[in-house]
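Which chain is which? The protein sequence lines are H, X and B, in order.
Residue 1 is where the first sequence starts when you use my numbering, and the numbers rise one by one after that.
Residue 1 is where the second sequence starts when you use my numbering, and the numbers rise one by one after that.
Residue 1 is where the third sequence starts when you use my numbering, and the numbers rise one by one after that.
Fair warning: there could be bad hints in the mix.
[As the list claims (entries may be wrong)] In silico lysine-lysine, DSSO-like type, Cα no more than 27 Å apart, as pairs:
no.	chain 1	residue 1	chain 2	residue 2
1	X	K69	B	K149
2	H	K170	X	K69
3	H	K170	B	K108
4	H	K86	X	K189
5	B	K18	X	K134
6	X	K147	B	K18
7	H	K398	B	K24
8	B	K78	B	K18
9	B	K24	H	K189
10	B	K74	H	K189
[What the hints assert, rightly or not] Cβ pair distances, simulated, as ranges:
no.	chain 1	residue 1	chain 2	residue 2	range
11	X	E115	H	T815	56 to 64 Å
12	B	G110	H	P192	29 to 37 Å
13	H	K140	X	E371	32 to 40 Å
14	B	P44	H	G24	37 to 45 Å
15	X	P387	H	R220	38 to 46 Å
16	X	N148	H	T752	54 to 62 Å
17	H	D8	X	D25	43 to 51 Å
18	X	E371	H	D8	23 to 31 Å
[Unchecked claim] Beyond 10 Å from chain X on every Cβ pair, some chain H residues (computed):
no.	residue
19	C53
20	R54
21	K89
22	G93
23	E96
24	K140
25	F181
26	T241
27	E444
28	K542
29	D545
30	E604
Hints are computed from structural coordinates only; laboratory data are not their basis.
Glycine residues also receive a C-beta, built at the ideal position from the N, C-alpha and C atoms.
Each chain, written out:
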Amino acid sequence: MNTATQTDTVTLTIDGKTVTVPKGTMVVDAAKTVDIEIPVFCYHEKLGPFGCCRMCLIEVEKMPKMITACTLAAGEGMVVKTTTEKVEKAQKGVLEFTLLNHPLDCPVCDKGGECPLQDNTFKFGPPDTRMEYNRFNREKATPLSPVITIDRERCIACQRCTRYSDIIEKDQALVMRNRGFQNRVSTFKDQPYDTRFSGNVIDICPVGALTNTDFRFTARTWDLTNTNTLCGHCACNCNMTLGTRLNEMKRVTTRPNDLVDDGWICDKARWGYDFTKSKNRITQPRKQGQSVGIQEACTEVAASLQKIVEAHGPSSVGFIGSGYGLNEDLYSYQKLFRTNLGTNNIDHKTYTDTPGLPVAHFDLLDVETSDLVVLIASDPTEELPILDLRLKKAMTRKGVQMIVLNDQQTLMDKYASLSLRYNVGSDGVLLAGLNTALQGQSAESDLESTTGVSSNQLQAVAEKIKSAGKVCVIYNPVALTGSSIHTLKQCLATAGGLAETTVGAMPAAPVTNSVGAMDMGVLPDVYPGGLALTDGDAIKAKWGDTAPLEKGLSALEMIEKAKSGELKALIVYRSNPVVDFPSGHEVGEALKKLDLLVVHDMMETETAKLAQIVLPSNGPGFDEGTTTNIGGRVQLRTKGLTTDNPADWKIVSMIAKELGQETAPKDVHAVTAEIAEKVTGYQEIKRSAIRKQGKNREAVASANGASASDGTHTGSGLILRVADVLFSHDKILDAESNLAHQFQPSTVHLHTSDAEQFGVKEGDEVRVTGNGHEVKAEVRISNRCNPGGLVLPKVSDEQGVMSLAEAGKAVSWVTIRK
Amino acid sequence: MTEILFKAINTPNLTSIDVYEQTLDGYQSLKKAFEKKPEEMVELVKASGLRGRGGAGFPTGLKWSFLAKDVFPRYLACNADESEPGTCKDRELIMKNPHLLIEGMILCSYACQIETGYLYMRGEFWEYEELMDKAIDDAYAKGYLGKNIMGTGFNLDLYTHMGAGAYICGEESALLTSLEGYRGEPRLKPPFPAVEGLYGKPTIVNNVETLCAIPFITRNGPEAYSAIGTEKSKGTKLVSVSGHVNKPGNYEIPLGTPTIDLIEKYAGGIRNGNKLKAFIPGGSSVPMLPASKADTPYDYESLMEAGTMLGSGALIVIDDTANVVTEALGLAHFYMHESCGKCTPCREGTRWMYQILTDINNKQGKPEQVELLSDICDNMSFKCFCPLGDAAVAPVISSIKYFPEDYEELIGSMKTAQPVGTP
Amino acid sequence: MFAFNDTSETRIKKIMAKYPEDRKVSALLPLLTLAQAQEGYVTPEAMVEIGQRLDVSPAYVESVCTFYTMYYTKPVGKYVVKFCINISCHLNGCDNLMEYAEKKLGIKEGETTPDKKFTLLKEECLAACTEAPVMQVNNKYHVNMTPEKIDQVLGSYK
Ligand SMILES: Cc1cc2nc3c(=O)[nH]c(=O)nc-3n(C[C@H](O)[C@H](O)[C@H](O)COP(=O)(O)O)c2cc1C
Ligand code: SF4
Ligand code: FES
């Protein structure tokens, strides 16, 4: 019996209609459920009741005064009236006040057509104004930042934008200055408002006071074609709407999905779309530098691969993909290599990871409903921005606690009740220690000297985990070293076995579809759905008798073998190893030795330059299919732009056909359906089921590896920690990007003691050298990591930080030179 | 004369704790209070019939009994923002008899089980911050404040906190917001401060004068207090009489004293032998009344019945040399200047009223503007976020109601209207 | 650059002790007052410094600072002369006094004398209505003002 429903709802009448809503629902929202519109300006569901615009005044029986529907929680038996004479007079009066100093420049206003002020005036407003004085003199359109324009004359002081800055982004960068009618939305000293999530204020401004500078005057909103789709940047897969016109990107706006983005997007989602029209796009297939038709290119690829396999065996060819592809694309590629070419030389990453989890896969909403979040090696603010907002919400408004374990400082530390900094490279030992502590034993005595974290502190972490009812572990596998991901998964297994605690986890690798890439089996040792190589029967049943069962080469091994000449052909899909792989500066030489290098990508890259055959990949905006986010939620990415080039999966199927594959999927839905049939966990992923808010896939088999918990490293100099930054100057955000103002200089973060030892000061220009490579950077003495390590944020492709990292090594040593 | 708050107020050096103790039996009420349980103290104040002297006139004992049960810590915020035009009684109490206030704050804190109290004074009271700080220090030194006061186990810390120029911070929720270090914008009510106040904890906000009445009530019993005044308006009230009178000043009267007596007997009548034209009985936020209503007894109910309010107890007297439109304009400027800007009707309405009144006062108004003014008032009344908007309406609407001839006088000689500069 | 001087630092210690540790933003107004006392007005640098101490953004400090009329965000004269213009003072002829002071100092309301000595401002009710008209010079009350008293009081500020 469920008694909760009885006590958790209230029933009231609004304009004679009976409404039953959850307790705590505001009357405005209750009215909406029965299609009664109470006009609002300042109220926004995500910002909570505020009551400043007074637009939503209503009458409630037994209440002497009119009251604002946005601040009044629905009460049992309440009788609400929204259309009485008194209410109508109040609405007209308030609208008259609102419009008093608001210019009537609707014909040239970007908000026209989607403006609450315009709509409310039309529906509830006075026919004309009795104001005969000049409007209060405010500035017309001026830049609030390089991407946002503010027209203070149009501002109605609803404080949505400033409350957003205070409550949601929590940086109080945008505030109200002055008081009374002179109040003014401002930043400190009118500096640019250029935070990571600044653009959301455009969407929530109920008038045309905050507008998108890039979009201004380029189209009328009603002339746009709007497509509901997903962001293609990080692995949160926020929902958004693409506004296009004549097949060109015009703007991106939020499309709230509480289960993913909670109604917000980051500025990279909003303005990081220049790549759709960049001159740096690969628009044409080419062979040896010459444009060719796509069929010709595919035929050539197939023929060459076939020749090489015949001559050198299946293990002479390989595939390096990436988490940037859609599930359908990645699935198709692994299938091509496994069933058509007979090799497991398939990978998409340079770090160690395994699919599946030994505990429940938590979704983003679980962050809010947990008692404790344990954030490991993750920097959501730079890597998965919307998770940053979700965590802040959970910590400051939902009473959730957080423990942070990281080797570098992040902005999340501020919200954590406990934040421990372990030495760079010591994560394996730390996690082993945590596992021991969770098992109720005391850790190794040398724990502190290796990790910088005492066993007491770890004990405290273990205790907190044990005493919390629901724990959500979020970890970034990319920032773990060596094989410590396996130790982490052992910790999860141990925690999962605790009697009183529910434990779930979220693998938080930053790249768009990293979870999908794992699930789709773009791995040398695991088939789709976490199917391990040891399960030969199951593999044969699903993938046929010829499906390869021996372990393939990892991405880094493929580069190795290319260098040694053992690997002859490679398809590189949506990946740029020359820049992004450890020892990247040596990758080029290795690739040049191949008989065949095919690069299938969206943008011209350093790697594409080396390829004999280049295939165009359409990418976000143009492509269609599914992605799986960090919460295991599978959603539909649809296209808002069209191109003559075939979809990526289609190109794969054209190659497969040349290789003798008889059947070909007729469209992308057929591939999605095949995934549902073939990939464990994806059975319920049907187009119809995921269209609205997506759907969590079921658990993927957890494949756990053994860890050689190597935590002590020897070498000289400092251990390198590469950190991600959100607005990195790369192929996606190029120099022409709307977000170019966000690019940062190359900096190296040192601990005070190390800076002293190397004799460098804040602001010094230095060279960070190691692995036969050097990176120029400016010194910041920020104590961002413990002594013995240094942090290098990856601010651009040009900077080449990954070349400092030694391929195949758990840690890399670097030194500093002036 | 019944003097409770102003008893011996002009004693030299009353600000010294020793003089206070000797002259007024200072701090002796604490012993009486500590013999009682806190709940009994609340009952005692309830029985006295004391109502809040800050403006709203809410029964003080009842407010104290509304504190969220069993939620601690609780706070006291004494409202010494005194910004209501015409009001200056709290300043006199603080300036001349700071220990009376401290004693009142201690009694309130004991009754409400509060261990931290703040005295929020308007920023312009800068001179008195030092004086209050010294008085508080002396009370600590004598053991009336601090840990384990007079061996009872009761602890109390009191602190001064200065505002910085904002009338709205007199409104209790804005006062708390300001004390927390924000812009002094009012907050949503409910929750009321007694449930969720300072730092989200149960908080008592009381006016200086209210708290200064507590020592008398404690010492002499509630009956002694409720014996003074009318049936429903108990005790004495400090009234700041200002404007066109011969002897402006703060006078302590038993509630129910005829208003005309305040003007004639206490304040020495209208200056220069002029005639009374209008009076505002309770500070600028209440409607003004014409001379014909001057015999209204000065108490909560009678003034309410006469169509106005007792408010903060500031009687502003206007004689027949003045045109009330000019005074309404001055007050319109005040409310425009003090509107925090949070809610639309108040922010926009106060300015619009000011613009129209400026025109009229400059003899550039039009007859229909008077009607427009009334309608703006109606659109603001009870539709703003906090009572400041209603307050802004009061002088304007009452001036139109009682003195249409003053408007006619200005509009009748109307010149050709020309656009008027905005402020 | 802005730094609180030693006297201020001593006061800050006392101020911070008034509020719960996790509510130090409560000290914002008192710190702004101190900064102004030190520099004559609240400089942007002071806002940054205060923000850092109280763990709020400088924008936040500016937002609060500009809400209250007693903080100046631009330089003012050594003595700020404020005349109450509200009703009780108005009924007692403050308009004439303001005009008298303007003539005497040779500046208009809102202006500062060229020698940076006096700034003249209008003020709303100062809570001394029974002693109207009222004038304040740097927070010191002067009541029952007359032209002669203006001469005398202003003359005493060197
Ligand atoms: C705009 C406005 C200004 C106010 N100003 C003051 C004030 O200066 N002093 C005061 O004691 N109460 C003032 N009040 C009343 C307070 O909100 C509150 O009712 C009072 O401090 C409660 O104390 P009491 O119950 O002892 O009167 C003001 C109210 C409003 C709406
Ligand atoms: S800019 Fe827009 S969102 Fe911000 S206060 Fe003004 S109207 Fe509201
Ligand atoms: S929407 Fe209710 S007051 Fe603004």
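Output the numbers, in ascending order, of every earlier hint that fails for this structure. The structure conflicts with hints 1, 2, 3, 8, 16, 17, 18, 19, 20, 21, 22, 23, 25, although it agrees with all the remaining ones.
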